[in-house]
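*Asks:* Keeping their order, the protein sequence lines are chains A and B.
The numbering of the first sequence is the numbering used here, which starts it at 1 and goes up by one.
The numbering of the second sequence is the numbering used here, which starts it at 1 and goes up by one.
Each hint should be verified, as a subset may be incorrect.
[As the list claims (entries may be wrong)] Label pairs and their calculated CB-CB ranges:
(1) B/A310 - A/Y147: 48 to 58 Å
(2) A/G241 - B/R69: 52 to 62 Å
(3) A/D358 - B/G207: 47 to 57 Å
(4) A/E56 - B/D317: 28 to 38 Å
(5) B/D17 - A/D358: 22 to 32 Å
(6) A/P304 - B/G327: 50 to 60 Å
[To be verified] Just a sample of chain B residues kept apart from chain A, beta carbon distances all over 12 Å, derived:
(7) D65
(8) P110
(9) G177
(10) E234
(11) T275
(12) D280
(13) R284
(14) S351
Just so you know, the hints here were simulated from the structure itself, not pulled from any lab data.
For clarity, every value in this text was computed on a predicted model and none was experimentally measured.
The beta-carbon is built from N, C-alpha and C at its ideal position, and this holds for glycine as well.
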Amino acid sequence: VLLPRTAEQVAAILALATEHRIPVTPRGAGSNLAAATIPEHGGIVLALTRMTTVREVSSAELLAVVEPGVPTATLAAAAAAQGLLYPPDPGSRTVSTVGGNVATCAGGLRGLKYGVTRNYVLGLEAVLPTGEIIRTGGRLWKDVAGYDLTRLLTGSEGTLAVITEATVGLLPMPATSRTQVAYFDQLADAGRAVAQIIAGGLLPATLEFLDRRCINAVEDYARLGLDRQAGALLLFGDDGGGDLVSASLDRMAQTCTDLGARGVTLAQDVAASEALLTARRCSLPALARLAPITLLEDATVPRPRLAEMVDRIDAIADRHRVVCATFGHAGDGNLHPTIVFDPADGDARQRAEAAFGDIFGAALDLGGTITGKHGVGAAKRPWLTARLGADQVALLRRLKQAFDPAGILNPGKLGS
Amino acid sequence: VTAEPDPAATRSGVFDDGLLGACISCGFCLPACPTYQLTQDERSSPRGRITLMRALQEGRLEPDDPTLREQSSFCLGCRACETVCPAGVQYGALLEQWRDHQWRGVHTPPAVAALRAGVRVTAGLAAAGRVRGAAWTTGRPLPGRVHLMLGCAERALFPGVSKAVRRLLPEVDVPAGQGCCGALHAHNGASGQGASMAAELGRALPGLVLTTAGGCAAHLVNHLGRDRVRELSEYLVELWTDGAAPALRPLTVQGRPVRVALQDSCHLRNGMAVTAQPRDLIARVAEYVELPSAGTCCGAAGTYSLLRPADSRAVLDVKLDEIEAAGVDHLAVVNPGCQRQLIEGLKRRRSRVRVLHLAELLALALPATSEP
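So that you can see chain A by itself, here it is in the shape it has in the complex:
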């Protein structure tokens, strides 16, 4: 395990590793949802967690320059101190690092309105496996000199180069944000409400859903007073100027009511909104307490297919006799089917894996993808060809070869 503090140290390590053909697995905080930082082939684990300097926050240029080990929440706080917003807010933001977020193109609760990590990466300093330090992009929103290597490295899961600095774009901090909750009898009704909200010309900051099993697990765990009889819970919210937010929430509440919501809970202020968001934030802990092992995936489908996808997930779960609850981002079709099981229960693990195989198949079938933002890692490599096709997988290999001729960087993952 090596813990470098400078890009020069990273360069020296990688040059040596290439010379001696030693595998190197770069690593941020290692939340590792897709097994992307498992050093399958041994060698060096290159943890960037000691490179933690926020080098610059510029309110004039609306950007920040940070080292890769800076936690996402630290970047967001440094931006907020100057009245600025760093929008990507993955669930792991208190621990995850900016370097890891860039390497996996992390998402968050605000994807529909604000996009994901890739929309905010302006430039990177990165070390090639052969030891050269390159700078891609920079401080400019407009810059088309050369291939867009910044985007290529974003989401490359540590297989092409090691990120040693990121320049990220920021936005002015919205004046306020509020959230409300609507309950529906069927998830399909919630899906129609989402479609209607967006068709009506709104682009809300928050559109999250929980299915019935999730609602009950959260209620057992946190006792928030949720409606246990509902088939789906839809959290909707927006941020911006106070009047605009009120108008936006009123219209969304009306749309939900028009489309048959059984009830709408209005949060009057920021604190009440936070309490409602708790239902979404504690979905995973609530489900994890149902059984010893929790598997969380992030299959994603086009927004209009969301309800259909959840129906298919339920049918798949029944077929494989697994306990599966689904929550996720209704605004961008990013689902979190979560299977819990007890490893002592015979072939439970095999059944869970078989169910996920079918879930990925269903997502692809509906025009979706096997992973929205957690990454492919080692966990989803078997499904990558089904998603990309053989020609594209071969192109990935050639790109990998161009960056990493000795094949030392995170071997066994993307491009291997």
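Since the structure of chain A is provided, determine the placement of chain B on it from the hints.
*Replies:* Just chain B now, kept in the frame of chain A:
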């Protein structure tokens, strides 16, 4: 890649597999861990320590590997990791099992062995309490009553605390013949003994057990159940609902309200989720000041301040800086370990901030007529 050892042949059986299997290695615990914050070393984080526990359980490390011994003792046992864990890992229980193994037999630190043996003698505790002037005991316990537990350390170190409780709650009984609750044993390599002592105390004090020590409260909850145990602040908040509270007079100094900060008890906060009640009670008699690190460990951590004084002070120093910067008159505590740690720490700095148990602070606000 090294060959996997034959699991059946080498498994140590130190840990409950269900508890150990619950960790999903996501690392959400790292920012919550005081020792990880000090070192930035994965081995000193809850996730790293569980990885070490798994290596011990599966026989991939020798039972007395130096890293195992170091990390099992370096951990404060504050359980802050449990509050941020999405998988609900019972880290405190795992640490008890780990120390049972690591501090077994001749591996017990001598100070721990002496303390564990010392507080086993109930008659000795009673004598210490009498010599130090703790609250007078009232003979035999009565079923259906509320019984104040006199902690083993608190009786000897801070007898004023139980006396203050007697002034606040004259109706509460303090039965004689009560021993130590066993938290000290459970946290220091003798969890079986800790469990039986808790059960013994549960028999000596039938009905509701009231305690002024967060560490004892959380241990008793584990063994007697939540219904039978109340920590003082939660008991008072339940009891003193509208109109039922005694007339407390606001505490002042030089014509202004006294400013009081709080040091949470880790096990009270992280194990029992009691956080609002002590703040509520302080605010009834003084101006409450929240320290940025009120909820993080002060480094006392039971025997930790004796066993690892340098690490204990490193954890404490951040907090002392905050206390001095906050401009408070008093610091309230809800556990005797924290009380000792903060008194010593502030004394070293010649600070004029006075450390008081919450019971002592509230007793200051009682009308003078209720002096015994």
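*Asks:* Determine for every hint whether it applies to the structure shown.
*Replies:* Quick rundown of the hints versus the structure:
no.: 1; hint: B/A310 - A/Y147: 48 to 58 Å; in the structure: holds (54 Å)
no.: 2; hint: A/G241 - B/R69: 52 to 62 Å; in the structure: holds (59 Å)
no.: 3; hint: A/D358 - B/G207: 47 to 57 Å; in the structure: holds (56 Å)
no.: 4; hint: A/E56 - B/D317: 28 to 38 Å; in the structure: holds (30 Å)
no.: 5; hint: B/D17 - A/D358: 22 to 32 Å; in the structure: holds (30 Å)
no.: 6; hint: A/P304 - B/G327: 50 to 60 Å; in the structure: holds (59 Å)
no.: 7; hint: D65; in the structure: holds (17 Å)
no.: 8; hint: P110; in the structure: holds (34 Å)
no.: 9; hint: G177; in the structure: holds (40 Å)
no.: 10; hint: E234; in the structure: holds (18 Å)
no.: 11; hint: T275; in the structure: holds (16 Å)
no.: 12; hint: D280; in the structure: holds (18 Å)
no.: 13; hint: R284; in the structure: holds (23 Å)
no.: 14; hint: S351; in the structure: holds (30 Å)
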